[in-house]
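Peer 1: Protein sequence lines, in the order shown, are assigned to chains A and B.
Note that my numbering gives residue 1115 to position 224 of the first sequence, counting from 1, and the numbers run on in steps of one.
Note that my numbering gives residue 1492 to position 39 of the second sequence, counting from 1, and the numbers run on in steps of one.
For the record, the hints were derived by calculation from the structure and aren't laboratory data.
One should not assume that every hint holds.
[What the hints assert, rightly or not] Output of the computed footprint for chain B on chain A, the stretches with three or more beta carbons under 8 Å from beta carbons of chain B:
1. 930 to 938
2. 949 to 961
3. 1104 to 1118
4. 1157 to 1167
5. 1226 to 1233
[Stated by the list, open to error] Here are the simulated lysine-lysine pairs, BS3-like style, with alpha carbons at most 27 Å apart:
6. A:Lys904 x B:Lys1700
7. B:Lys1711 x B:Lys1700
8. B:Lys1928 x B:Lys1970
9. B:Lys1620 x B:Lys1482
10. B:Lys1711 x A:Lys1098
For each residue, glycine too, the CB sits at the ideal point set by N, CA and C.
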Amino acid sequence: MTFVTKPRVHHPKLPINDLGLTRRDYEGSVSTLCAGCGHDSVSAAIVQACAELSLPPHRFAKVSGIGCSSKTPSYFLNRSHGFNSVHGRMPSVITGANLANRDLMCIGVSGDGDSASIGLGQFAHVVRRRTNMLYLVDNNGTYGLTKGQFSATNDKGSTSKKGVPNLYEPIDLVSMALQLGASFVARSFSGDKRQLVPLIKAALKHKGMAFIDVISPCVAFNNHAGSTKSFEFMREHMQSAVQADLIFGQPEITADYAQGTRESVTMPDGSILQLYKVDADYDPYDRIGALTYVQKMHEEGHVATGLLYVDPDAVECHDILETTAIPLNELSEDALCPGSEALTAINQGYR
Amino acid sequence: MSSNINDFVIRFANVNGSGSASANGMFAKALFRMGIPVATRNIFPSNIQGLPTWFEVRVSEKGYLGRREGVDIMVAMNAETFAEDIDSILPGGYLLYDNSKPLAKEFVRHDIHEIGIPLATMLLPEFADPKQRSLFKNITYLGALAALLNIEFDVITGMVSTQYKGKDALIEPNIRALELGRNYAVEYLSAPLPLQVRRSDAVGDRIMMEGNDAAGLGSLYGGATVCAWYPITPSTSVAESFENHCKKLRIDQQSGHKNYAFMQAEDELAAIGIVIGSAWNGARSFTATSGPGVSLMSEFLGLAYFAEIPAVVWDIQRSGPSTGMPTRTQQGDLIGAAYASHGDTKHPLLFPANPKECFDFAADALDLADRLQTPVLVLSDLELGMNESLSEPLQWDDARRYDRGKVLSAQQLDEMESFGRYLDVDGDGVGYRTLPGTHPEKGAFFTRGTSRDEYAAYTESPDAYQRNMERLQLKWQTARQLVPSAEIVGRGGSVGVLYFGTTSLPIPEALDKLAVKGIHLDTCRVRAFPFGDEVEAFVAEHDLIFVVEQNRDAQMRTLLINELQTNPAKLISILYFAGLSISADFIDAQISAYYEEHKLARLTEVKS
Chain A
892 MTFVTKPRVH HPKLPINDLG LTRRDYEGSV STLCAGCGHD SVSAAIVQAC AELSLPPHRF
952 AKVSGIGCSS KTPSYFLNRS HGFNSVHGRM PSVITGANLA NRDLMCIGVS GDGDSASIGL
1012 GQFAHVVRRR TNMLYLVDNN GTYGLTKGQF SATNDKGSTS KKGVPNLYEP IDLVSMALQL
1072 GASFVARSFS GDKRQLVPLI KAALKHKGMA FIDVISPCVA FNNHAGSTKS FEFMREHMQS
1132 AVQADLIFGQ PEITADYAQG TRESVTMPDG SILQLYKVDA DYDPYDRIGA LTYVQKMHEE
1192 GHVATGLLYV DPDAVECHDI LETTAIPLNE LSEDALCPGS EALTAINQGY R
Chain B
1454 MSSNINDFVI RFANVNGSGS ASANGMFAKA LFRMGIPVAT RNIFPSNIQG LPTWFEVRVS
1514 EKGYLGRREG VDIMVAMNAE TFAEDIDSIL PGGYLLYDNS KPLAKEFVRH DIHEIGIPLA
1574 TMLLPEFADP KQRSLFKNIT YLGALAALLN IEFDVITGMV STQYKGKDAL IEPNIRALEL
1634 GRNYAVEYLS APLPLQVRRS DAVGDRIMME GNDAAGLGSL YGGATVCAWY PITPSTSVAE
1694 SFENHCKKLR IDQQSGHKNY AFMQAEDELA AIGIVIGSAW NGARSFTATS GPGVSLMSEF
1754 LGLAYFAEIP AVVWDIQRSG PSTGMPTRTQ QGDLIGAAYA SHGDTKHPLL FPANPKECFD
1814 FAADALDLAD RLQTPVLVLS DLELGMNESL SEPLQWDDAR RYDRGKVLSA QQLDEMESFG
1874 RYLDVDGDGV GYRTLPGTHP EKGAFFTRGT SRDEYAAYTE SPDAYQRNME RLQLKWQTAR
1934 QLVPSAEIVG RGGSVGVLYF GTTSLPIPEA LDKLAVKGIH LDTCRVRAFP FGDEVEAFVA
1994 EHDLIFVVEQ NRDAQMRTLL INELQTNPAK LISILYFAGL SISADFIDAQ ISAYYEEHKL
2054 ARLTEVKS
């Protein structure tokens, strides 16, 4: 970590977005994570995505659990409120935050320890409730803050820093999210900003549960030869199924992609999600196909990445609950309290 | 039995799942509608069908609502418990049973009256369907009881018509079954019995309601918009009540959408997490659970205490420890709730004693949680929560405004030079908070369970940590001033009795019994923790205080000793914890025995 305070001045040529803000207005405080930590790249990608989308930087609720990943909401969007809650419980806290004010954008950041072990139950249930949020996991396969124990996403046979192999089957959060009803499921790599930033942008624009599993190597405890969550392993083995890009206005025709491999999806706000499929046969609207693809890739020693599944017409939790369009935390006392006259009638019912 | 009119205990012994609850409930309601005070107690198993269940109604012209020992009339409809049910009848009491088969010799008691009604035989030609016969058996004994006890028959038939409104096909057979029972009693039994009821005005304008129902309704009136919960007996009906009332009272007229969110969570951990998340984001929220749920929620309660987030938790206590007796009552969660979570953590507790107080405290708890920015636990119990009790009618003051506590608006933030979330600006230990998304540039802060300074910045500075913990202690002192104060009735005596929650129910009767023996006690009904100055004064001003509670370990006494540095020698425990509710007989006997043993002066003796 660094002890240098971030200067508030910025380069005069930094791009200014539609709100008249630069990327710096979306940043947070200085990271205290290890130099080179994958998580810092993820935070930077969130900053870039929010700035490029010109989202108001104070209209987010950032919630996390416990662990290195869960520290990161401090490092982006410091005009928004953050909540570093308890281990594995980010999903319930963010569900509450979202129930209270459906107009705020909700970003939940968790880790593989936080989501795949103590928080596995809450992960499963927030997905099946379809809370309207971006659920992002910084997945490094290890418990960094307690110095390098295997986490539940660590692949069987992947080794610790001392060369000891992991003996247990890994939990794949992407497969679980697909099975449990997430309407946007992606995987990416903290070392591939070109893939990650558009995915975050698309996820933020998605209505419903958007889940991104980001392989984010731990430079201190899980970046050695023998680890399947290292920078080197990911660079060699990541397999992108669908490259996503979010654009406004009419899509440009580019010649880079073969016929039949490009698709456009109109998002709720009118922006267009462009999907570039590496394989023309891959169908990102097919939940079961996505599940099969992810597992097949894993079986073959690869890591499936990209936008693996999207349902642009999905419902979210508030649709299911039929809550009013006004945020619950803004309802007036008149709307909330039926008053004494109604109570007199209610009393009669108990006579 | 001190009198033959409006003063007895009737107990119905049934098999659960046999449809008896409806008939038994109508019995109690009929008496209530005749203006006679009744207290109902449902003693039920942790089971859906086939196990013994009892429904007890105490009828008391004097308005004694606590449980009374002994049964005057036993309606014995469960073969499995027949022997013990007959045993529980007081000498001179009545046994009502189905004599379609003759009473076996071993069940005959010569000191009670047998009232045999051939229910099975009578119903056989009337109802072809065996399931109907079983259901209408209950209605038929209700009809017989109407004649035997002199209950106004049209009060009962009126209830049947109301209950089955819209299902008219059910009204006729119900009335027929009622008449069958009544006619049999009139023709073959010496109805009415000497023991009977008579229309009264002792109920006044009171209502009859379950505490949990009142809690759900009070939460609605108090402005709760988020209820997240996980099913657990005996708390489930708090959440269900909230939803049921919301469906009628919280629907947006124009859109038809809901002005509330009702979410059954995957467990108690998630339930309290959702409550804390929504309260952090400015929605009034609550959950309802029981002791095991409070254990599970403890980690989150510690977070909310330390991060200073409002939350309201209803703990409808049942018999612990562990799963304990899940369908029996107790007051066993005081210490667990007061100090829930690790480290120096403590939470305000409220102790409602009747349905009206459940309603009032539901709204008060939401105000207190917002004002103090901390979790508030309301400790009810199965006795209050799941039984219909007489209660003063519910009231709401239309001039009342929700106290949302110290929440800064965008305009207020603009007018401030600097904002520190945990600065004690007012000297009461409570800082100002902001809600997410309020202001484009000001007021955002990071909420965390780790130590931080006055400006919400993470710190491990020993000084900053200690300052924060001391401020929380100051906030605790503020809480003492804000929580509902105790009800104290004193005549300047040196001996008092202190109680809370449902332990209050038998107290008036116990005091009357003791007064007859020359024992007069000042009373203190504690309504909240931390204890206010008035409780401290009551404890200080009395030489001896009986602390009556329904747990083994004298948890209220422990809190008094711990928080007020009370001399333990002056606090005498009266403890009942067997799972039924504490009775006046028990309290009277314990206190009398103490007087006897310690040869304490009585008023009559002083006078003589």
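Peer 1: Evaluate each hint against the coordinates.
Peer 2: Here's how the hints hold up against the structure:
1. Given a C-beta distance limit of less than 8 Å, the hint that chain B covers the stretch 930 to 938 of chain A is violated, as 0 residues qualify and 3 are needed.
2. Beta-carbon proximity to chain B at under 8 Å applies to 5 residues in the stretch 949 to 961 of chain A; the threshold of 3 is reached and the given coverage holds.
3. For the stretch 1104 to 1118 of chain A, the proposed coverage by chain B is not satisfied: 0 residues have a C-beta within less than 8 Å of a C-beta in that chain, short of the threshold of three.
4. Only when three residues or more bring their CB closer than 8 Å to a CB of chain B does the claim for the stretch 1157 to 1167 of chain A stand; here the count is 0, and the claim is violated.
5. Figure legend: the stretch 1226 to 1233 of chain A, annotated as covered by chain B; annotation consistent (7 residues with Cβ-Cβ distances under 8 Å, at least 3 required).
6. The suggested pairing of lysine 904 (chain A) with lysine 1700 (chain B) is violated, with an alpha-carbon distance near 56 Å, which exceeds 27 Å.
7. For a cut-off of 27 Å, the pair hint linking lysine 1711 (chain B) to lysine 1700 (chain B) stands: about 8 Å separates their Cα positions.
8. The suggested pairing of lysine 1928 (chain B) with lysine 1970 (chain B) is violated, with an alpha-carbon distance near 45 Å, which exceeds 27 Å.
9. Simply put, lysine 1620 (chain B) and lysine 1482 (chain B) have alpha-carbon atoms about 20 Å apart, close enough for the 27 Å limit, and the pair holds.
10. With a CA separation close to 20 Å, the supplied pair lysine 1711 (chain B) and lysine 1098 (chain A) stays within the 27 Å bound.
Against the hints set out earlier in the document, violations occur for numbers 1, 3, 4, 6, 8.
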